[in-house]
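Going down the list, the sequences are from chains F and H. Per the working numbering, residue 1 is the first one in the first sequence, and the count goes up by one each step. Per the working numbering, residue 1001 is the first one in the second sequence, and the count goes up by one each step.
Treat the hints as calculated values from the structure; they're not laboratory data. Any given hint might turn out to be false.
Stated by the list, open to error - One-sided and incomplete, this derived list gives chain F residues near chain H with beta-carbon spacing under 10 Å: (1) 294; (2) 302; (3) 311; (4) 318; (5) 321; (6) 324; (7) 333; (8) 383; (9) 387; (10) 394; (11) 399; (12) 401.
Claimed, not checked - Which residues of chain F face chain H? A partial, calculated answer using Cβ under 10 Å: (13) 4; (14) 5; (15) 8; (16) 297; (17) 329; (18) 332.
From the three backbone atoms N, C-alpha and C, an ideal C-beta is built for every residue, glycine too.
Read off the chains here:
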Amino acid sequence: MSKVSEAEVRAEVREWLAANWDPDMSLVEWRGKLADSGWGMPQWPKEWYGRELPHALARVVEEEFANVGAVRAANSGVRLLAAATLLEHGSDLQKKKFLRRILTGEDTWCQFFSEPGSGSDLAGATTRADLKGDFWLINGQKVWTTSAHHADHGLLLARTDWDAPKHEGLSYFVINVKQPGVDVQPLKQMNGHASFNQVFFTDAKVPKENLVGRVGDGWKVAMTTLAHERRGADGLPAPSKRGTRVGRMHAEERAETEKANQPYKWYPQRAGRVDLIIDRAKETGANKDPYIRQEIARLVTLAKCAEWTARRARAAQQQGRPQGPEGSLGKLAASHVARACSRVHTLITGTEAMLTGRESPREGIIAEILVSVPAVSIAGGTDEIQRNIIAERVLELPKEPRFDTGPFRNVRQN
Amino acid sequence: MATAEGYDPAVWRQLSEELALPGIHVPEQYGGAGFGMVELCIVTEEFGRALLCAPYFSAAVLAANAILYAGTEVQKSALLPEIAKGVRLATLAVTEPDGNWDPAGIKVVATPDSDGYRLDGVKSFVVDGHVAELLIVAARAPKTAGLEGLALFSLDANAGGVERRLLESMDPTRKIARIDFCGAHANLLGNLDDGAEPILRTLDRAAVALANEMVGGAQTMLDSAVNYAKLRVQFGRTIGSFQAIKHKLADMLLELELARSAAYYAAQAAAADDPEWPALASLAKAAASETYLHTAAECIQIHGGIGFTWDNDTHLWFKRAKSSEVFLGQPSYHRELLMQRWGV
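Bound-form chain F, shown alone:
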């Protein structure tokens, strides 16, 4: 088949849905059909559960699914990052073993990249992988791992060569999380939630065939994962629009979504809740205070500017124009907005800002904002790293001198 038209794709997917879609089927059974027919991931290669459709036509498929309310292939968590990485760097054996169960939702995935000693400097990982017979033995600690407590597999970045330079001594593995050498502990944050885990590896085993790419290619492979992560943006999956639909499959999907979203419940508060500011000012009477009025105006101005800047970036993208600097500024702008929100919420709330839980205004939401905002300027790249990126990539300023060249063994570590 050479080039297919939009009308052909539309007709074909409609016909297939009419013959196969049944909301009373089990979720796994239905998604098995999606994987085997290629309609679950139509942009994927034909030999791996796809139809090699260009992205524009994949969107047509999505529209047709939405029209009949059909459930899509599983896409929560980091499963699609795992899939994208395996499609690009994985062996046929790995693709065969993992891809289908990613799409059916039978397996859940997590990402073992960050460590207590390497946060911003991800390539400084010191979790080690040593080859013993047919297995790599993993020892070390990973942190900020979302959903590790119910994941089946993890994407693991570990050091295999301590004499190579930092970026060249890493390798990339798929590790089975449910084994004795992997100890998953919740990591409680300053706002009381535990959205992440810390994970301890003690002689955990990875079979030789689970090495992704070649030994020493770990950084290159990890960059693929990170590139897809950036493209898909941070965290929060889109809310399901099928909340009211009935049928066994919809109920199963709702449960899945709820589980996947559980770690992100406090994320709106993390962003500062600028949407509450004016109502709060009116309900407390703080809108009569000329100083607070100034601060509210300052905040709302900042938030609007950030929103319009993001819109400029999106418009450029949609029109196929190269993005200007506005495309790199969103994360740093969001930090400023969140911090300003936290400050103005405090100004508006006054002494009651000391309270928390049910004692606090808006059933604890305000208190949660105040203790969640500090995460924004750290998670997914600190403000300082963002400024380095903006300065070096957009303004083309020279890089800092490096102190981490030469054999990794000799590089200063935590």
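Fit chain H to the given chain F structure using the hints.
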């Protein structure tokens, strides 16, 4: 800049005759190019970037918009073509020696007489007031207060009873004058029923155009600071390789792009006559004012000692940033206006 007029007449003729810029937003039936606020703001942004010294803001942004808002058909046809062609310099006088940008505080009185009105009182901070040939003056009817009784009047700047004095001002690139009116003969622009509306909307449009001008200036300050940081070597490294400098520059870029979004959005909203546009004008004015001044101050800081010298041009942008910060109302004034316009 260095002359008493404050601009180069040859450049003014060129941008008027070859580029038709003073009338870019004036409808074609009044001798203009027929574009709108967006195009006007592109021009002011570029003029701000280059720090052009020309009586453009006074004539095109202030006077032409005031006439467009307030004038009758006959008045628009009579006054606008000369402004659009750049052959008659014009300006708008609103503020008085107390520096208040709220028209409710206007004290200049227009007293009706047999063939028009007599103006009495003092205007100040009038941009290009010393070279303008046509004055548009905001004044009030005798015994009125607040926004009641306000209207716009036009008169020849060289008429009897008009005394103009160039003020000694910090920003040499945009000259301002004080104008004393002592029974000067003036004509009512439009009619008395429109009240303060044309004055308020003209000032809002000017705020949007100024916000765009300031974004242009801030861009020059950022470019200049980035270029210098790549050239200047200290401690054996270009200073742009120090995080203390590169983070400052990244913050300047962020601030600039945020202000740019506000200025562009407000221009588009004003062009589309979005009901929210006056509020957005205040938002953009406040945002761009702080950004321009901060960017200019940081540009001096990154240049170090040389940035504080007269020979380094940065001070000219800094002074334009400072005068623009308070021109048409300080950021705090516009933030309060924004709150009122949003009903908070």
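How the hints compare with the structure:
1. 294: Constraint on residue 294 of chain F satisfied, holds at 5 Å.
2. 302: Hint on residue 302 of chain F: holds, closest Cβ of chain H at ~7 Å, below 10 Å.
3. 311: Since the shortest Cβ distance to chain H is 8 Å, the answer is holds.
4. 318: violated (16 Å)
5. 321: Because about 15 Å separates residue 321 of chain F from the closest Cβ in chain H, which is outside the 10 Å limit, the hint is violated.
6. 324: holds (8 Å)
7. 333: holds (6 Å)
8. 383: At 9 Å from the nearest chain H Cβ, residue 383 of chain F passes the 10 Å test, so the hint holds.
9. 387: With Cβ-Cβ at 4 Å, under 10 Å, it holds.
10. 394: With a closest approach of 7 Å, the residue 394 of chain F hint holds.
11. 399: holds (7 Å)
12. 401: holds (7 Å)
13. 4: violated (40 Å)
14. 5: Hint on residue 5 of chain F: violated, closest Cβ of chain H at ~37 Å, above 10 Å.
15. 8: Status violated, d = 40 Å.
16. 297: This interface hint holds because 4 Å falls under the 10 Å limit.
17. 329: With a closest approach of 5 Å, the residue 329 of chain F hint holds.
18. 332: holds (5 Å)
Comparing the model with each numbered hint stated earlier shows that hints 4, 5, 13, 14, 15 do not hold.
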